[in-house]
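S.K.: Working from the sequences, and respecting the hints, build out all of it.
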Amino acid sequence: MSVPGDLQYTKSHEWVRKENDTVTIGITDHAQEELGDVVFVELPHKGATIVAGDSFGTVESVKAVSDLYSPVGGEVVEVNSSLEDAPEKINDDPYGEGWIVKLRASEEADLLSPEEYEKVVEEES
Amino acid sequence: MANAELKHTPLYDEHKELGAKLVDFAGYEMPVQYEGIKAEHEAVRNHAGLFDVSHMGEAFFRGPDAEAAVQRLVTRDVGRLDVGQAGYCAVCYEDGGTVDDVIVYRREDEFLIVVNASNREKDLEHFRKNTKDLDVEVTDESDDWALIALQGPEAEKLLQDLTDADLSGLKPFRFAEEEVEGVAAIISRTGYTGEDGFEIYLSPDGAPRVWRHIVDAGVTPAGLGARDTLRLEAGMCLYGNELDAEITPLEAGIGFAVHLDKEVRFIGQRALLIEDAEGLRKKLVGFEMEGRGIARHGHHVTSGAEIVGEVTSGTKSPTLDRAIGLALVDPGVDDWFEIVIRDNPVPAKAVPLPFYKRDRG
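So the sequence lines, in the order shown, correspond to chains A and B.
When we follow the numbering used here, the leftmost residue of the first sequence carries the number 1, and every step to the right adds one.
When we follow the numbering used here, the leftmost residue of the second sequence carries the number 1001, and every step to the right adds one.
Simulated from the structure, these hints should not be mistaken for lab results.
Only a predicted model underlies this, so the values are computations on that prediction, with no experimental measurement involved.
Just so you know, not all the hints are guaranteed correct.
[Unchecked claim] Under 7 Å between C-beta atoms, here's a sample of chain A residues computed to sit facing chain B:
no. : residue
1   : Gly36
2   : Glu60
3   : Lys63
Quick reminder that beta carbons are idealized off the backbone N, C-alpha and C, glycines included.
M.R.: Now the structure itself:
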């Protein structure tokens, strides 16, 4: 399981990359492993407003549907629409080409450090 | 249920060693996947895959009235089965609802009914309760048998290397009793994937050896996840989804397994004859999603504002690369409807079953 040191994390297994006031969100390597082959992604619309803690989309594997939760509120400035045709990118490259949305953050949130996230995963297994 | 209480099949250690992801299924800790559902699914469609289905239950019927007992319990006329032949059928309640879907094997002096793991106790109780007046012994020998399924176009060639049974002469739904890798076995040309293949009944002690031998020959181990996507593409019913106590086998589209004209009366026959004469109350249809989304068990089927049915199974088909599903709908519903996915009605259209049919050329 890979947990890059330059990202922040949530208990619900999303990762967050902060660059100025833009945050990119995806799901972690652990999350994609648990889900298995991702076959469908439901994305928010560009321009939509996301409220911190609310579900903003879903990721489905062959067997399971998993809601996506944003730890950060804000306006959606970009969605990774390539996932609609190639959802397997989430399995292949969860921290890179498998990114899900970019937000202009308007609310701050409580995020986990890589070390804290690793502990969350350990406690779950 | 705590993990400590879960039962293990004789192949549990093999699954651990192969790094399977294990889940609770019908009280057993079973492999849901090894490498990944899609890869395992594709291996079965294109080459061969090996499944542990030892959790399935085995009920034996012995004694002078064994045939009469089985005739009473199942929808198929087992009097038409030869020794060495098997038949897929339903077990019904008096009202036509389904107790289970099973395979009946006719052996020399006995019948074997293979039942779904989740229904084992219920079935055995139903079998015994309804045959009390007959001279038959019904025994649950589920723990005495391991069961593996070798499925896929390369299955025959792979298995032939391990047995003296003449597999090229073994037709679908026929079985042979021969050793496999020196282990006594019932080799049945049956399966739940839509491919050619075999289900092999073995002693619990011998099963790991046979399993390892087949995996070492390069066959992909496959879990319950791929088993489900494979059977769904093949349009096969899963008890608890397409079939249950509220659904008759006619409604679930397995009328081919129901001999309504059977002369020996079976439980549920009267109700099924009436439903057949009066018309089905609901029917199973296959559908493909036209809009974006994957239908899942329990989603509503709507036509305009009206709810006209419910999804029984749905997935993204690895072979077709499309979202497919089965639904029980009102009989009058037309070929275009919507599936309500997370409050959102998404267009779908009915398509003929099965979704996938292997090339028998």
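S.K.: Now look at each hint and say whether the structure bears it out.
M.R.: Okay, the hints, checked on the actual structure:
1. Gly36: Holds - the Cβ of glycine 36 of chain A comes within 7 Å of chain B, reaching about 6 Å at its closest.
2. Glu60: Hint on glutamate 60 of chain A: holds, closest Cβ of chain B at ~5 Å, below 7 Å.
3. Lys63: 5 Å, holds
Checked against the numbered hints given earlier, the structure satisfies every one of them.
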